[in-house]
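> Here's the letter readout for the chains.
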Amino acid sequence: MALNRRDFTVGALTGLAALSGMTVAVRAQGSKTIAVLFDGLYSEFWVAGIQIIREDLKKRGFEIMEAISDQDDNKQFEQVRAAIARKVDGIIIVQTDSNAVIPAIRAANEADIPMVHFNRPPAPSDAFSVAIQADNQKISRDAVTYSCEVAKASGKKHKAAILIGDLGDPNAIQRRDGFQEAVDQYPDVIEVVAKIPTEWNADTAFAGLTNALQANPDISFLFTSSDFLIPQIQQALKTADKWHPVGNENHVIFTGFDGFPDAYALMKDGYMDACGVQNLFYETELAIQAILDLQEGKKVDKLLLDPGFAITQQNIEEKKEEMWGYVLWKEKNPG
Amino acid sequence: MTAVPPAHIAQSAIPRSGMGRLLKLVLSEYFILVLCLLYVAGIYPFVPEILTWGVWSNILGDMMPLLVVAIGQTFVLIVAGIDLSITAIISMAAVVGASVMTGTGGYLSGSAAAVPIAILVMLLVGVGIGFINGMSIVWLNMPSFIVTLATRMFFAGAAIWFVTFHSTSSSIADLPRSFSNFSTGSFSGIPYTVLVVGMIAVVAHVFLSRTRYGRWIYAVGANPKAARVSGIPVERTIMMAFLISGACASVAAMIYAARMQTGSPIAGENILLDVIGAVVIGGTSLFGGKGKIIWTVFGVLFLVILDTSMKLLGASLFAIYIIKGSVILLAAMMDTLRNRILAER
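Line order of the protein sequences matches chains A and B.
For what it's worth, our numbering labels the leading residue of the first sequence as 1, then goes sequentially.
For what it's worth, our numbering labels the leading residue of the second sequence as 1, then goes sequentially.
Don't read these hints as lab results, they were simulated from the structure.
Where a beta carbon is used, it is the ideal one built from N, C-alpha and C, also for glycine.
Take the hints with a grain of salt, since some may be wrong.
[To be verified] Cβ pair distances, simulated, as ranges:
#	chain 1	residue 1	chain 2	residue 2	range
1	A	K32	B	G189	27 to 37 Å
2	B	F131	A	H244	47 to 57 Å
3	B	I146	A	K238	30 to 40 Å
[To be verified] Partial list, derived from the structure: chain A residues whose beta carbon lies under 7 Å from chain B:
#	residue
4	D72
5	R81
6	D97
7	A100
Take the sequences, apply the hints, and build the full model.
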């Protein structure tokens, strides 16, 4: 070998000696650190969510250790272990898979570090963590029920399609169930002809909806499990000549979920009939408060619900100030 | 045939001046290990935790799945091939194995034989996909890049499809505790994963450096025509490399499934760049005929240290990708440069 043992040993010892003599960089002493671990920033909801959490934590004097796992459960597990090694004081996490996050919760439990799941609960297990979640089923049921009433008032029977999220995400399942509960109340008005799996992927959603519209050109009722798919939906409906505002004969009764700025804009312009809104401000407040309470040793329930609400063409003026998407939209469109 | 690392040949030709010592270091097979030490020294003031036992325990644990896949990839790269299907093998093996042993409707749910049979099935999945790869390359004379790209796409999709028949969610959970213990348990303080992957590494090292088959691998990678003329069974050698790669990927699937206590169809989906990067950083040539298991160990170690330090720093994912990409590019450039220097001497 080119480097003999003596050279290597001398080099290694020199390196270690240099290392031991180095001055340790001074970190903000005395301040607490919260790890904020998201699985991705795939939509405005998550971008706004992490931004609000970041600002709130900074305001309270916390240091933040941020990481994104890019929907890689193993990478996120490694990030949790890195956070534990750094002795953080709490972990706010958004996992991809509700089952695969359980070892990470157990690791946090062993290290006695409180963990809070933001907006996405884990699968049931004996590990302890707190989940903040919107009451997805109720919110989507309320929003879709409004749209069903609109459909009923039209006096016609409507063929419906639903864009379903990733089935590994309990939120997606609950939104689907809320939709189903609502349409089941109107069997004479709504017939569900397409259940389109999206896996929370915009391309998959676009392809699925395009295929569904080709197979069922008379689809006139649509529910999306997330507003982040709005651009793809708009494109697919435009291509099928179905993108028309309320009042137009070819208007597709459209219900969204999340409360994105785009959803508000569509509500305002009459393209969307109703939208289930998650109260993002309330959820971030709940998440941070849960971490603080757990740090103080207070008892916190495993699930903290955001009741959310449905914003509709009827109550938009009254409710819009509570819609996080409206707040962001207003910032971008002053005056 | 370049079974012996070229650095050996060049040693005597390098002058013992300061520049010569630096050159000797760059050409040395310990270069990446020295880089690891220098990197740890450099990052220490910013992340003092990097020198704690807890972090090194994490580094060791995080290395194991990557290392075992990288060992398989080393065999393939030495025969001048590439295996892009490793991530799909991991996904497929993880979900198939999980479907056998899961406590929620598994084929052998509750049976004492569930875990051993699931392990066997996972190995068979890996070897089976490796066989499809090898067969297509050897018998149909297709480039390994295209074959493994196709099998990667096919089995990545098949894994997701497979889960839809075995779970109401996007993964298969409720794996037996005896299986999960593989990632958490230890023997005499040494984690099981380290023992298993360590043994695989030793066997692979001996296999490559001390057996006739090992010499065949280097010969086929360096010059397949010359190897064939010399009487080496080129096809069988290439096939064996892909079978080994498949088997190694299935071991990684076991580690991931045990670690996450879940069989996920996206397990290991993002590690391809890390695996190839680690092998190349170590010094194994992308052009075949050159490589060592110990180099791969160093390459994986370097990449995992880099990754861990970035996590401890709280660097954004984009920054981590940019830094990793730069390091891998640098390693590939250095590989080319080293070869050029050695050729000139």
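> Confirm or reject each hint.
Hint check results:
no.: 1; hint: A:K32 x B:G189: 27 to 37 Å; result: holds (33 Å)
no.: 2; hint: B:F131 x A:H244: 47 to 57 Å; result: holds (55 Å)
no.: 3; hint: B:I146 x A:K238: 30 to 40 Å; result: holds (37 Å)
no.: 4; hint: D72; result: holds (5 Å)
no.: 5; hint: R81; result: holds (5 Å)
no.: 6; hint: D97; result: holds (5 Å)
no.: 7; hint: A100; result: holds (4 Å)
Of the hints listed earlier, there is not a single one the structure fails to meet.
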